[in-house]
Amino acid sequence: MSGDPCGNTAPVLEVRNLSISLPQGGDRGLAVNQVSFTVAPGEIVCLVGESGSGKSVIAHSVMGLLPKALKATSGEILLQGENVLTASLETLRERRCTRMAMIFQEPMTALNPVMRCGEQIDEVLRQHTKLGEAERRARVRKIIEEVRLPDPERMMASYPHQLSGGQRQRIVIAIALILGPSLLIADEPTTALDVTTQAQILKLIRDLQRDHGTGVLFITHDFGVVAEIADRVAVLRSGELVEMKPKAELLARPEHEYTRMLIAAVPSIKPRERTLVEDAPVVLKTDRLSKTYIDKGWFKGERVVQAASDVSLELRRGRTLGIVGESGSGKSTVARCITRLIDPTGGSIRLGQDEVATLSARALRPLRRRIQIVFQDPYRSLNPRRSVGASIIEGPMNYGLSRSQAMERARELMRTVRLDPDALSRYPHQFSGGQRQRICIARALAMEPELLVADEAVSALDVSVQAQVLRLLDEIRDRLNLAMLFITHDLRVAAQVCDDVAVMSQGRVVEYGSAAQVFGDPRHEYTRALFAAAPGRGYQFGKSSGQPADQ
Amino acid sequence: MENATLIEPNAQGAPPAPVAVVAEAGLLRRLWRNWTVRIGGVVLAVLLVIAILAPWLHTVDPTLFDAGSRDLLPGAMGEITDLDGQTLAHKFLFGSDSFGRDIYSRVIYGTRVSLIVGFAVAALSLLFGVLLGLVSGTLRWLDGPLMRLMDGVMAIPGILIAIALVALWRANLWTVVVAIAIPEIPRVTRLVRSLVLIIREEPYVEAAVSLGTSTFVLMFRHILPNTVAPLIVQGTYICASAILTEAILSFLGLGLPADIPTWGNIMAEGRVQFNQYPHNVFFPGVFLAFTVLAVNILGDGLRDILDPKMSRRV
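Protein chains in written order, with the working numbering: chain A, 415 to 965; chain B, 2 to 315.
The set of hints was computed from the structure by calculation and includes no laboratory data. Check before you lean on any hint, since a few could be wrong.
As the list claims (entries may be wrong) - With the Cβ distance kept under 10 Å, some of the chain B side facing chain A (calculated, not the full set):
1) Q87
2) E203
3) P204
4) Y205
5) E207
6) A208
7) A209
8) S211
9) L212
10) T214
11) T216
12) V218
13) M220
14) H223
15) N227
16) R272
The C-beta atom is built at its ideal place from N, Cα and C for all residues, glycine as well.
I would like the entire structure built from these sequences, with the hints used as guidance.
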């Protein structure tokens, strides 16, 4: 039965009319509403949906890991014919790992930080088998080799914090697969990983699943990942199953309006074209900008980290410069140096005619209004104890505007970011993530900056909201003729907003050019690797019907 | 490049996005819904009323004594001589001590001392703790020396510092309050410092920096308000421990003068005759235990409501 996605065997998992109720006072009555689907042996079924669609709730209910507040009110979950919902705790514990296993999003928290990785894998064997120690050790070794971790002995003796994110996720996969379960549930297993690592982990899951004939229920929000790994796809919205189809069919001919909207909202990896004014004035010019952290303790040697070195960029008015890179590449360091939230250790930053890299905090204050920044996490970017209006008018009032003038500007800006001006008296917790990000943009624009820095400003948002915010940023840049520095790890997003792109790796700019050049003809091998790893690059997203391109 | 696609402008000119209003009950109602807050709050309120209304709760002057009414059992009738030398009939609800003083009156008046000490110590140590914590969280060069000083204070048992300080000064209510408050300051300082270090890394604080907000304003507008919830909770624990410490000092004869009615003094006086007349120790002991319990329960409830993130993080 291995490797046959359309086998005629009975499904590993069958979910029938599953409904799960939310506790009272939630935004809706049911977390999951009458959902039915099956997973066949050797098949990968993707559950796709935006946050709050109930996809994780389904995954957890299959594992019997639902929080007490959530109760399944109807339907059944059949794991190889056995109803999980009515099974006793004892049976459930027995079935976990032997018949079903789960991979979590965050490998660091899924592993016990004070146990060696080898012991954690071994624990499963001790729980579920009566194997002797030598036999168990051999099995652990074998699975570590199978998940393609180098140097099994060292891996077994390591603690989770000594491994990289990708290696940790491999350990989690090893734990999940060591007893050869027939169902594997993967809950956003690559969301916390860098794109190149993600590609490797996806391939690993694909290969192991094919070799073992495991049925996989794969939870994700990312259509790129869907395109990469799925056999069949189920689209969820607000707890309801909107559409379920084989992957190629769904991506090519989405039927439901919501699916069409989701697929259309995925930015295309082909850069957009935009006519630019060539001789616009230079707003920002960095020359060999560097940031070095020196960590020196009393009893330890000096540790030097080059977070950014020799970064030279140039940004003209009305343009968007993207800095693309994986985590730890130094892209945020550059953004924070330019906004002077941290002090650069070398090089120069020229804002128009003014040098800002070496200014003292006092001398810098008058210049601060000209550079504004929007952060990644909309839930932490606004002071929870201050009303939205107070947050927006704070900046202008620091620079001498009266309260009523500042309020007038705030009302106008709320309209610019398409929010109701009457909401200014509300507090941040009354807004959704996308709305908060609009408020942060309004707060930045209230200073009438020349340069807007967006540090992963859309990364925490759902894809449909992300598309709206990107459109808003584009529109604002054109209308106000701003220069925009756009930091992102997402190549698709970069392709859609940036005019120029700088690719960073290990603190250095490895490739820098126009978006068309970098995306169309990447020269540096790191850039090529990055593009090769982008999930779903074979599919053309961003319009209503995605078709496989050049396959 | 004919494949190049722009982001679909389908929502162009869309009306302002509706603002979702998250229904949220008022803070007071949420507090009241928590049963630990309710119990702790009610008991504390009752004690507060007792303290305020002490003279009208069928009490006599707690310093009055009558040689004829010594060592009466609870509920016994006896006589008491007032300051004018008149002898009055009095029912000794909680009995009397070996001087013939009314224990009921002394316990009721003792509530005043305990509550004042509890609240005053909490207020005082919070005030200084917040100031020192803010300073050490902001001025990094002062952080080291200041925190080492705090570590030093914490290395000495609080009660010993209090005893030494009271012995140094003449014992009255305010010296006792200050003596108990000083050893509590380092704990508050540490808490505030750690909160400041966390909060100043928050993006909203960084955003305020790039809006040109000065450090001083940043401190009081963005950082301090976000430390209030954990501080209130910490305050209740300090209050409870201060009430206990005051009772201990009095019991050891190091606190307020013996003629002032405090629960510790009453127990100290009754200690010698504990075997024959346990009520001397029992009644103030019960009041002390219930007060401390009520304050602690209130603190637990407040933490659950005001500071859910902290209780999860710890």
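To see whether the hints hold, each was checked on the structure:
1. With a cut of 10 Å, the hint placing Q87 of chain B at the interface with chain A is violated, because the nearest CB-to-CB distance is about 60 Å.
2. A hinted interface residue such as E203 of chain B counts as satisfied when its beta carbon comes closer than 10 Å to some beta carbon of chain A; here the least separation is about 5 Å, so the hint holds.
3. Among the interface hints, the one on P204 of chain B holds; its C-beta lies about 4 Å from the nearest C-beta in chain A, closer than the 10 Å criterion.
4. The interface hint given for Y205 of chain B holds, since its Cβ lies 5 Å from the closest Cβ of chain A, which is under the 10 Å cut-off.
5. Hint on E207 of chain B holds. Least Cβ distance to chain A is approximately 5 Å, under the 10 Å limit.
6. With a cut of 10 Å, the hint placing A208 of chain B at the interface with chain A holds, because the nearest CB-to-CB distance is about 6 Å.
7. Checking A209 of chain B against chain A by beta carbon gives a least distance of about 7 Å; that is within 10 Å, so the hint holds.
8. The interface hint given for S211 of chain B holds, since its Cβ lies 5 Å from the closest Cβ of chain A, which is under the 10 Å cut-off.
9. Evaluation of the L212 of chain B hint against chain A yields a held restraint, the C-beta minimum of about 3 Å falling below 10 Å.
10. A least Cβ separation of about 6 Å between T214 of chain B and chain A falls short of the 10 Å threshold, and the interface hint therefore holds.
11. For T216 of chain B, the suggested interface contact is upheld, since its CB lies about 8 Å from the closest CB of chain A, less than 10 Å.
12. With a least beta-carbon distance of about 8 Å to chain A, the hint placing V218 of chain B at the interface is held under the 10 Å criterion.
13. Given the 10 Å rule on beta carbons, the hint for M220 of chain B is violated: about 13 Å separates it from the nearest Cβ of chain A.
14. A least Cβ separation of about 5 Å between H223 of chain B and chain A falls short of the 10 Å threshold, and the interface hint therefore holds.
15. Here the hint on N227 of chain B is kept, as its CB sits about 6 Å from the closest CB of chain A, short of 10 Å.
16. The restraint placing R272 of chain B at the interface with chain A is violated, with a minimum CB-CB distance near 49 Å, outside the 10 Å limit.
Of the hints listed earlier, those the structure fails to meet are numbers 1, 13, 16, in rising order.
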